[in-house]
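Protein chains: 2
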Amino acid sequence: LDYQHVQVPFEITLWIMLASLAKIGFHLYNKLPSVVPESCLLIFVGLIMGGIIYGLNDRSPPVMDSDIFFLYLLPPIVLDAGYFMPSRPFFENIGTILLYAVVGTIWNVFGIGFSLYGICQVKAFRLQDVSLLHNLLFGSLIAAVDPVAVLAVFEEIHVNEKLHILVFGESLLNDAVTVVLYKLFRSFCEMPTIKSVDIFAGVGKFFVVGLGGVLVGLSFGFTAAFTTRFTKDIRVIEPLFVFLYSYLSYLTAEMFHLSGIVAIISCAMGMKRYVEANISLKSHTTVKYFMKMWSSVSDTLIFIFLGVSTIGENHEWNWPYICFTVIFCLIWRALGVLVLTFFVNRFHVNTITSKDQFIIAYGGLRGAICFSLVFLLPDFHRKKLFIAATTVVILFTVFIQGMTIRPLVDLLAVKRKRESAPTVGEQIHIRFLDHLLAGIEDISGHWGQYYWKDKLEYFNSKYLQKILLREYDQPKSSIVLLYEKLERKHAMELAQAGQLGHSPAQPPFLCSAFLCSSSDRTVITDQKLEDTLNPAVLDNIQEILARNLYRIRRTGPAYNRHTLPGDSEPAERAKEILILRHKSL
Amino acid sequence: LDYQHVQVPFEITLWIMLASLAKIGFHLYNKLPSVVPESCLLIFVGLIMGGIIYGLNDRSPPVMDSDIFFLYLLPPIVLDAGYFMPSRPFFENIGTILLYAVVGTIWNVFGIGFSLYGICQVKAFRLQDVSLLHNLLFGSLIAAVDPVAVLAVFEEIHVNEKLHILVFGESLLNDAVTVVLYKLFRSFCEMPTIKSVDIFAGVGKFFVVGLGGVLVGLSFGFTAAFTTRFTKDIRVIEPLFVFLYSYLSYLTAEMFHLSGIVAIISCAMGMKRYVEANISLKSHTTVKYFMKMWSSVSDTLIFIFLGVSTIGENHEWNWPYICFTVIFCLIWRALGVLVLTFFVNRFHVNTITSKDQFIIAYGGLRGAICFSLVFLLPDFHRKKLFIAATTVVILFTVFIQGMTIRPLVDLLAVKRKRESAPTVGEQIHIRFLDHLLAGIEDISGHWGQYYWKDKLEYFNSKYLQKILLREYDQPKSSIVLLYEKLERKHAMELAQAGQLGHSPAQPPFLCSAFLCSSSDRTVITDQKLEDTLNPAVLDNIQEILARNLYRIRRTGPAYNRHTLPGDSEPAERAKEILILRHKSL
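If you read the protein sequences in the order shown, they are chains A and B.
For the record, in the first sequence the residue sitting at position 93 is 93 according to UniProt numbering, with numbers rising by one throughout.
For the record, in the second sequence the residue sitting at position 308 is 308 according to UniProt numbering, with numbers rising by one throughout.
Note that these hints are calculated values from the structure, not bench results.
One or more hints might be untrue.
Said to hold, decoys possible - Mimicking DSBU-like on lysine-lysine, the simulated pairs with C-alpha atoms at most 30 Å apart in a straight line are:
id, chain 1, residue 1, chain 2, residue 2
1, B, LYS282, A, LYS272
2, A, LYS31, B, LYS466
3, A, LYS272, B, LYS288
4, B, LYS282, A, LYS417
Unchecked claim - Partner residues aside, some chain A positions facing chain B, computed with beta carbon under 10 Å:
id, residue
5, LEU1
6, TYR3
7, MET17
8, ASP67
9, PHE230
10, THR231
11, ILE234
12, LEU240
13, TYR247
14, TYR250
15, LEU251
16, GLU254
17, THR286
18, TYR289
19, PHE290
20, MET293
From the three backbone atoms N, C-alpha and C, an ideal C-beta is built for every residue, glycine too.
Generate coordinates for the entire structure from the input sequences, incorporating the hints supplied.
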């Protein structure tokens, strides 16, 4: 027996196997997952495993390694979250999300930190040795809502899309704030004196960390899209690039102390539409399926490890500190949501209802990120107290809040997610309204989200698509292609039936066919059709087509305050018609 | 900048990225891969990379770690090979393959070992310090044909299926022999005296290693199939089990010093048909696609690392030893193939032609397995000579033989693989002939492959499928289901049109419908149809159906020398009809 040799991969495989089997086990009893969230069950399995290890070895089971968590377990989940992020509600609510993520998290950090410092001043609690900075450091790690925990719970309760994206978006984007504040306070703890310069540097650093993450992510995302342009002959490795570039963006961001979560999300959102267009359908199925699978396994492992790590002798118990931590976490989050929503609602027509506010506040679950951060703390005499408090907060939020949020959603009759996909009619109307609103915003000079969306779309179709897509042309949907085919057939039949006027003695044309390409209509006439037209009619048709075609093709970004319709060069128009004619030849 | 922190995953990701980009690069120029095999190009890239590292660092670049190779790079390739192994030609030629793999490899090991020992006796070559045992040890690692190299070359030249499976099957199954001989000689080298008991133990060990591998593999394979029975509610982690169980089988076999390659191949071949039936179509696409992708990346990495590891100061050059190694490898393989094929052809109608023999001998490529084994050798003063000789043999076989085999195949007009899939007619005939031959073998008392295949199929459908498949019934193809639906509709229409005889005043039946289930035909009559039949007609139909149905359903394994047709109990038959009727109710 040579166990040493295969130990590492063997144990990793066994852990993954345990996680997967546990997942299957829960789903064998259909009633169980509908009452208790899976995350709770998994933590429970972890607790049992931890208990067994503790019982057998008589020492604390190994805690989840922070490196393993941040380098291997977290990225798949965040990648999955970013890749499947519903971009429309996300960008529609980006302002609100950022407000919650940035201002809300800072509010929570300082709120919790200062009030816990207040508790520490009470002599009866014997906590006077915990300094303000340590409390703030603790606040910075306990304040952040955890994307893994939020995702695990909110995916099961099916609240409406807006509510979901508000909580989930906040949990993702607060990473930049958490990283900055955590590192700031940690370095402050080790500094002898703190100058005001350091504080300003911290504020500046926040922008660097957040925007740097976005930049790193987008550049890797576009590189990924560009790479998939060249994989036509070797389809089998296409899915790999999606994973490799996303992971590289995460690692690169972490390497430069930027926000890895923000980077990987930007990367995934940036690459998605181009990669989807470039890679084959099977590759795309594999990408989607594997991403879901991987994130599901990571998620499972995280909760199991969370359970395992809870068991042991890492804890120092202090009733007042731990109880007040839980209470302050709840109070400050509720207050923060109330105050911020008050401001948000003043600027929006579509307000956040008080029920939604309650769910946002109540859905602020803490999870494995806090847990890993607290173990990464430098050693000091109260570290075990912080570990105990963090563990309790996590278990409280995941178990109590996670288990009661579903009945509460039912009780309050919170607006649910619509089950059916929007109809074609709805989709067309939404798109039409987008164009309309972009035009209105442009006319009124209000540079709102529709204006920017329109600009971005224009930039995308004019430059990005040409560089990043294998086929420059707008990809046509199958229904459009079918319609074109039918139209063409119809035209040929008409021609053959002689309904277009027949003149047998007629010279052959050089221009043998037309291509009338409006956005969704093409009629290519055949050799036979062309024979039935005389030159005069042909010229007339050509003239009409030439004038209208060009107009129609420019419907997209045509109107602008600074130009008049029909303002474009006639030469350019003629050139375009020539190109169209050449194509049809 | 915090590089230390992310170093390991970052560098792994970069290596994989390099491999993938190199692969894309070759395929951008379509002509290149059609002349030079990809493996050569990749080794070349590796050589350049190695040169750069050597130039920059001024020391030998890191060699491919044997652990990384055996634990992480080899399994995906072998899993892919096993999962996509064409089982029919494999089992049809299993005898020949085993002969080549076992006897052929032993022949090569001893041939090369003894003749090199002969060379070492020539005083002019100054090799007298290399003992016989060391030469045999070297022979045991250099004799084995490498599956990775063979697969890389043979996938591109498209020779006929039988030739392909002979070379490829041999390269996979010789692992058991290589493992045993290599470990045997290595322990002999360290022993002071060798008793004849040790030699017999070695021979016995070969069976343990090979059959043990098969056993470990099959048990993990069946466990995997059994596990996927319960994944109906959690489709997303289905693909994981295929990978986890295969990998566990490999690691477990390695742990017990069995043949990991044999284990993972048995596991993949054992689980395949059950897993395919249990998991969803999307999961299966993901499994197949990811397997191909993973093996492709592993393969690429292996060849690149092979190139990188070649550069450096690990080599001791000795012209005669190295040249004679190459020559003996060629000669002994050619001789072995000739002699073994002579015996094989005496027992087979479908003989191996001399052209095929030449390609089998010429296709004996060596690769990364030898390379990893030679680095695993215990340190002794001539290790560097062995490394040099192994490197030269690998480069010679991969470059010279790999590049010339395609022109040779063209020149000799070796029978190619048929491009088109067999037609339905052909498939039906093949299956029919299988049944026929199984019957003939059974009658004549010759227990050949068809007999055993039939027995296995019977055992499978009677026991294994019931345990391992989610739905016990034979899975029906979509065309059968459609046919059933149409038949049912037709029957209802007939009934509604009153063509089956109408009698309005009729008592309701308990037995409301029939189920006529031959292997591909089901007619379920509706409430309406049943109303149109009178009891006498009904009983008559029931009687006819009852008699014929049972007969039809037993077409499969009905005939047997020891039983007569119609030998089964009438009670059993009645019971079966009762079950059918209950089902239809």
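The hints, checked one at a time:
Taken as a hint, the LYS282/B and LYS272/A pair is honoured in the structure, with Cα atoms around 20 Å apart against an allowance of 30 Å. Taking the CA atoms of LYS31/A and LYS466/B, the gap is near 27 Å; set against the 30 Å cutoff, the hint holds. A threshold of 30 Å between alpha carbons decides the hint, and for LYS272/A with LYS288/B the separation of about 23 Å falls inside it, so the pair holds. In summary, the hint linking LYS282/B to LYS417/A is supported, as the alpha carbons are separated by about 26 Å, within the 30 Å threshold.
Checking LEU1/A against chain B by beta carbon gives a least distance of about 6 Å; that is within 10 Å, so the hint holds. For TYR3/A, the shortest C-beta to C-beta distance to chain B is roughly 6 Å, which falls under 10 Å, so the interface hint holds. Satisfaction of the interface hint for MET17/A is found here, the shortest Cβ-Cβ separation to chain B being roughly 5 Å, below the 10 Å cut-off. About 7 Å separates the beta-carbon of ASP67/A from the nearest beta-carbon of chain B, less than 10 Å, and the hint is met.
The interface hint given for PHE230/A holds, since its Cβ lies 5 Å from the closest Cβ of chain B, which is under the 10 Å cut-off. Annotation: THR231/A was flagged as interfacial toward chain B, and the flag holds, the nearest CB pair being 6 Å apart, inside 10 Å. Given the 10 Å rule on beta carbons, the hint for ILE234/A holds: about 5 Å separates it from the nearest Cβ of chain B. Because the smallest distance between the Cβ of LEU240/A and any Cβ of chain B comes to about 6 Å, under 10 Å, the interface hint for this residue holds.
Interface hint at TYR247/A: satisfied, since its Cβ lies 6 Å from the closest Cβ of chain B, which is below the 10 Å cut-off. At its closest, the beta carbon of TYR250/A sits 9 Å from a beta carbon of chain B; the interface hint therefore holds under the 10 Å criterion. This hint holds: LEU251/A has a C-beta 5 Å from the nearest C-beta of chain B, less than the 10 Å allowed. The beta carbon of GLU254/A comes within 5 Å of a beta carbon in chain B, closer than 10 Å, and the hint placing it at the interface holds.
Given the 10 Å rule on beta carbons, the hint for THR286/A holds: about 4 Å separates it from the nearest Cβ of chain B. Because the closest C-beta pair between TYR289/A and chain B is about 4 Å apart, less than 10 Å, the hint holds. Given hint, PHE290/A at the interface with chain B, holds; its Cβ is 6 Å from that chain's nearest Cβ, closer than 10 Å. Checking MET293/A against chain B by beta carbon gives a least distance of about 5 Å; that is within 10 Å, so the hint holds.
Of the hints listed earlier, there is not a single one the structure fails to meet.
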